[in-house]
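Chemist: Just so you know, the protein sequences line up as chains P and L, in that order.
Each step along the first sequence adds one to the number in the working numbering, with nothing skipped, and position 72 is 72.
Just add 1000 to wherever you are in the second sequence, counting from 1, and you've got the working numbering.
Don't read these hints as lab results, they were simulated from the structure.
On a predicted model such as this, the values are computed, not experimentally measured, just so you know.
Some clues are possibly wrong.
What the hints assert, rightly or not - One side of the interface only, derived from the structure: several residues of chain L facing chain P at Cβ under 10 Å: (1) 1062; (2) 1176; (3) 1177; (4) 1181; (5) 1182; (6) 1183; (7) 1184; (8) 1194; (9) 1197; (10) 1198; (11) 1199; (12) 1201; (13) 1202; (14) 1205.
Unchecked claim - Restraint-style ranges between C-beta atoms, simulated for each label pair: (15) P:58 <-> L:1144: 46 to 52 Å; (16) L:1182 <-> P:54: 46 to 52 Å; (17) L:1050 <-> P:28: 43 to 49 Å; (18) P:11 <-> L:1263: 43 to 49 Å; (19) P:58 <-> L:1204: 26 to 32 Å; (20) L:1100 <-> P:28: 25 to 31 Å; (21) P:54 <-> L:1196: 40 to 46 Å; (22) L:1173 <-> P:54: 28 to 34 Å; (23) P:36 <-> L:1225: 42 to 48 Å; (24) L:1112 <-> P:24: 33 to 39 Å; (25) L:1208 <-> P:58: 23 to 29 Å; (26) L:1126 <-> P:17: 42 to 48 Å; (27) L:1123 <-> P:36: 46 to 52 Å; (28) P:20 <-> L:1072: 39 to 45 Å.
To be verified - If you want the ones that stay clear, here's a sample from chain P, every Cβ over 10 Å from chain L, calculated: (29) 13; (30) 22; (31) 25; (32) 26; (33) 29; (34) 38; (35) 50; (36) 51; (37) 53; (38) 58; (39) 71; (40) 74.
Cβ coordinates follow ideal geometry from the N, Cα and C atoms, glycine included.
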Amino acid sequence: MMDFFKNWLKRETSSATAKERLRLVLLSDHLSLAPDVVENLRRDLIAVISRYVEVDEAHCDVSFEQQDSAVAMLANIPILKMKTPPPGGGAPRTQASPPAAPPTGMDGAAPAMTVAEPAVTVPALIHAVETAAEAPVGAGLPAPKKRRRRRRPANPNPAGGAQPGFASPAVG
Amino acid sequence: MLQHDVSGAPADSVVMPGARGLAIVVTSGKGGVGKTTTTANVGAALALRGARVALVDADVGLRNLDIVMGLESRVRHHVLDVLEERVTLDDALVRDKRLENLSLLAAAQTRDKDDVDTKKMIALVEQLRDRFDYVLIDCPAGIETGFRNAIAGAQEAIVVCTPEMSAVRDADRVVGLLGSMRARLIINRLRPSLVRRGKMLSVDDVDAILRLPLLGVIADEPGVIVTTNRGEPIALDQTNRTGATYRAIAARLSGDESVPVEIPQEPTMLGRLGALFGGRA
Chain P
1 MMDFFKNWLK RETSSATAKE RLRLVLLSDH LSLAPDVVEN LRRDLIAVIS
51 RYVEVDEAHC DVSFEQQDSA VAMLANIPIL KMKTPPPGGG APRTQASPPA
101 APPTGMDGAA PAMTVAEPAV TVPALIHAVE TAAEAPVGAG LPAPKKRRRR
151 RRPANPNPAG GAQPGFASPA VG
Chain L
1001 MLQHDVSGAP ADSVVMPGAR GLAIVVTSGK GGVGKTTTTA NVGAALALRG
1051 ARVALVDADV GLRNLDIVMG LESRVRHHVL DVLEERVTLD DALVRDKRLE
1101 NLSLLAAAQT RDKDDVDTKK MIALVEQLRD RFDYVLIDCP AGIETGFRNA
1151 IAGAQEAIVV CTPEMSAVRD ADRVVGLLGS MRARLIINRL RPSLVRRGKM
1201 LSVDDVDAIL RLPLLGVIAD EPGVIVTTNR GEPIALDQTN RTGATYRAIA
1251 ARLSGDESVP VEIPQEPTML GRLGALFGGR A
């Protein structure tokens, strides 16, 4: 019985479902991207960033948004802590981009993202939200707690969330 | 792009879009969202304001604008008769029975969309622009030949969209195909009670996706159906809310941007009661 009410309260309205489905279908219409390409992109993006910083993978959010005539990629990737460079002093597995200066690093990744028609530009607006600089040793532990706290403010969002990428930048 | 300077003209005067008329195509991509009804009502509302208006049914093979306007018995010739020079434009134009400054050019019913010569269609719209302040072109559904011919002569577009996923997606596609043409949006058949209960996309939802300037929002109400049955555009009904909405759209089209866009609300307690027993979506 309680489960029924819980489900009823949690249930998304059909208009919210329609909105989200439309957003995704128009995104792939515009980019001529298959939905699984978006998922692969998300995975690769997180993998690359993880080389430099420890990210909260469960709360990474990569989405696309129509901005006038262009499509923008919005990535909200909470950083748990910076990775300390290995004692050798060298940057972690650098191939093309320098380890510091994330913006240029992202530009470097951009050409790979414009798989679509040449008319569509995909400016990568990467918003790395740095959570409190915690002690490096115990950093892994408080994560589950935070997860629960973040879920809640995110829930009422579908109703009026115009900016999917910026739902919960995890304060505290 | 042509500039139609109408600023500075008082709202209730006859607003001329310029030295020559403005050709506006009414389009949607998806069928059945209300292009023809919109064309008829926006045209009638513009004519009510005193403008000279020509309605062109570009849906060759599926003529319907004449029925919605209640002029089906007066149609003698059609757009292809003019394009193929069998009759003159004057012979083919049907004058509205209520407003003498409103005319209709019907589509051919027994012909095919491929029969229309695009260049001649553009020339016809140009000719109409010399004689009318507004030329409203009722575009067929789809994005093929008929669509291309209908938009060819137009300077602006009205995109009609219902709050449904398929309509929004098609409208989005059409906006892409319109390219740099100025396009504005009419959201048709909104059901406020469904929106309130989260069962229908809202005006904001559609707006956020299509990102077109909003001309107006038409509620899904019986009045439109009833007046269409009678062949009388609801825009001419001075007592009806939806008619007022069409007249507000006409004002906005004539350059009076001060007229606010009203979002239909559930009007009465009765409506709320109906919503209570309305079942689920």
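Chemist: Does each hint hold? Answer for all of them.
Modeler: Each hint tested on the structure:
1. 1062: Violated: closest Cβ of chain P sits about 27 Å from residue 1062 of chain L, beyond 10 Å.
2. 1176: holds, 8 Å
3. 1177: violated, 12 Å
4. 1181: Check failed: Cβ of residue 1181 of chain L comes no nearer than 14 Å to chain P, outside 10 Å.
5. 1182: Violated. Min distance 14 Å.
6. 1183: violated, 13 Å
7. 1184: It is violated, given that the least Cβ distance between residue 1184 of chain L and chain P is near 16 Å, above 10 Å.
8. 1194: holds, 8 Å
9. 1197: holds, 7 Å
10. 1198: holds, 3 Å
11. 1199: holds, 5 Å
12. 1201: This interface hint holds because 5 Å falls under the 10 Å limit.
13. 1202: holds, 7 Å
14. 1205: Since the shortest Cβ distance to chain P is 5 Å, the answer is holds.
15. P:58 <-> L:1144: 46 to 52 Å: This hint holds: roughly 47 Å between Cβ atoms.
16. L:1182 <-> P:54: 46 to 52 Å: Holds, at about 50 Å.
17. L:1050 <-> P:28: 43 to 49 Å: Hint holds: Cβ distance 47 Å, inside 43 to 49 Å.
18. P:11 <-> L:1263: 43 to 49 Å: violated, 26 Å
19. P:58 <-> L:1204: 26 to 32 Å: holds, 30 Å
20. L:1100 <-> P:28: 25 to 31 Å: violated, 51 Å
21. P:54 <-> L:1196: 40 to 46 Å: Holds, at about 45 Å.
22. L:1173 <-> P:54: 28 to 34 Å: Violated - the Cβ-Cβ distance for residue 1173 of chain L and residue 54 of chain P, about 43 Å, lies outside 28 to 34 Å.
23. P:36 <-> L:1225: 42 to 48 Å: Between residue 36 of chain P and residue 1225 of chain L, where Cβ atoms are some 44 Å apart, the hint holds.
24. L:1112 <-> P:24: 33 to 39 Å: holds, 37 Å
25. L:1208 <-> P:58: 23 to 29 Å: Check passed, 28 Å falls within 23 to 29 Å.
26. L:1126 <-> P:17: 42 to 48 Å: About 47 Å separates the Cβ atoms of residue 1126 of chain L and residue 17 of chain P, which means 42 to 48 Å holds.
27. L:1123 <-> P:36: 46 to 52 Å: holds, 49 Å
28. P:20 <-> L:1072: 39 to 45 Å: Since residue 20 of chain P and residue 1072 of chain L have Cβ atoms about 44 Å apart, the given range 39 to 45 Å holds.
29. 13: violated, 3 Å
30. 22: With a cut-off of 10 Å, residue 22 of chain P comes too close to chain L, as the shortest Cβ separation is near 5 Å.
31. 25: Violated, since 6 Å does not exceed 10 Å.
32. 26: violated, 6 Å
33. 29: At roughly 7 Å from the nearest Cβ of chain L, residue 29 of chain P sits no farther out than 10 Å, so the non-interface label is violated.
34. 38: holds, 17 Å
35. 50: holds, 32 Å
36. 51: holds, 35 Å
37. 53: About 33 Å separates residue 53 of chain P from the closest Cβ of chain L, which puts it past 10 Å; holds.
38. 58: At roughly 28 Å from the nearest Cβ of chain L, residue 58 of chain P sits farther out than 10 Å, so the non-interface label holds.
39. 71: holds, 12 Å
40. 74: holds, 15 Å
This entry does not satisfy hints 1, 3, 4, 5, 6, 7, 18, 20, 22, 29, 30, 31, 32 and 33, going by the numbered hints stated previously.
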